[in-house]
Amino acid sequence: KAGVTQTPRYLIKTRGQQVTLSCSPISGHRSVSWYQQTPGQGLQFLFEYFSETQRNKGNFPGRFSGRQFSNSRSEMNVSTLELGDSALYLCASSTPRGEYNEQFFGPGTRLTVL
Amino acid sequence: DQQVKQNSPSLSVQEGRISILNCDYTNSMFDYFLWYKKYPAEGPTFLISISSIKDKNEDGRFTVFLNKSAKHLSLHIVPSQPGDSAVYFCAASAYVDSNYQLIWGAGTKLIIKP
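Protein chains in written order, with my numbering: chain A, 7 to 120; chain B, 7 to 120.
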């Protein structure tokens, strides 16, 4: 099975612009989660989509939004970019493993805001 | 409010010795715990897990110990190898609102010295 893919891998934007990141989950996985990783902050949960519906949401401002399509592919959008949005954005698809959902991560999109 | 804490941002260990990474949690509803490993420019990958009904799980060089009364778990790597140098994330799972939610620690960067 192909793993989780994310595009693009690297992105450079300027303040005030918007950006859309894409994630294709592992075939058969219906849940997609998005995380922001910055040095010292670990993995900060953004949101999770399941069957095209947002199921969970972290504590990020409304500038961060997402959606999921019928084929489980997901996009994340950040509007009015700020310098502090520079980070590695990780997408994970998951499948139930009895008592937990095992998450499989993509390689991430490195966003740099200038 | 950090429900999962990894209080050591980094740890340096001599090759061949034991590496011990620690994780504390506050929510007694967590019933499954996972460790993930992350190399630079890659997404985290699953390493080992433990159910709350157990106090130890072993997989090769990796052993996870769970102390429920202290709400503490640790990952032991023995012997440590250069390829173990990575960031290690602890995560805890709880069944909330008909869904398994995963809460992540901030990560500990492990450096194995030759």
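Hint data in this document are derived by calculation from the structure and do not stem from the laboratory.
Predicted model only: the values in this text are computed from it and were never measured.
C-beta: ideal position from N, C-alpha, C; glycine also.
Misleading hints may appear alongside valid ones.
Far from chain B by the CB rule (all over 12 Å, computed), these chain A residues [as the list claims (entries may be wrong)]: (1) V10; (2) Q47; (3) R116.
With the C-beta cut set under 8 Å, the calculated list includes, among others, these residues of chain A facing chain B [as the list claims (entries may be wrong)]: (4) G48; (5) S57; (6) N62; (7) K63; (8) G64; (9) G68; (10) A93; (11) Y106; (12) N107; (13) E108; (14) F111; (15) L117; (16) L120.
Evaluation of the provided hints:
Its closest Cβ contact with chain B, about 7 Å, brings V10/A to no more than 12 Å, contrary to its assignment away from the interface. At roughly 6 Å, the least C-beta separation between Q47/A and chain B is not larger than 12 Å, which violates its mark as non-interface. The beta carbon of R116/A sits about 8 Å from the closest Cβ of chain B, which is not more than 12 Å, so the claim that it is off the interface is violated. Because the smallest distance between the Cβ of G48/A and any Cβ of chain B comes to about 3 Å, under 8 Å, the interface hint for this residue holds.
Among the interface hints, the one on S57/A is violated; its C-beta lies about 12 Å from the nearest C-beta in chain B, farther than the 8 Å criterion. The interface hint given for N62/A holds, since its Cβ lies 6 Å from the closest Cβ of chain B, which is under the 8 Å cut-off. Annotation: interface hint on K63/A violated; nearest CB of chain B at approximately 11 Å, more than 8 Å. Annotation: G64/A was flagged as interfacial toward chain B, and the flag is violated, the nearest CB pair being 10 Å apart, outside 8 Å.
Because the closest C-beta pair between G68/A and chain B is about 21 Å apart, greater than 8 Å, the hint is violated. Of the supplied interface hints, the one on A93/A is violated, with its beta-carbon coming no nearer than about 14 Å to a beta-carbon of chain B, more than 8 Å. Interface restraint check: Y106/A against chain B, minimum CB-CB distance 4 Å, threshold 8 Å, status holds. Interface restraint check for N107/A: the shortest CB-CB distance to chain B comes to about 5 Å, inside 8 Å, so the restraint holds.
A cut of 8 Å between beta carbons decides the hint on E108/A: the least distance to chain B is about 6 Å, and the hint holds. The closest approach between the C-beta of F111/A and any C-beta of chain B is roughly 3 Å, which is under the 8 Å cut-off, so the hint is satisfied. A least Cβ separation of about 14 Å between L117/A and chain B goes past the 8 Å threshold, and the interface hint is therefore violated. Interface restraint check for L120/A: the shortest CB-CB distance to chain B comes to about 20 Å, outside 8 Å, so the restraint is violated.
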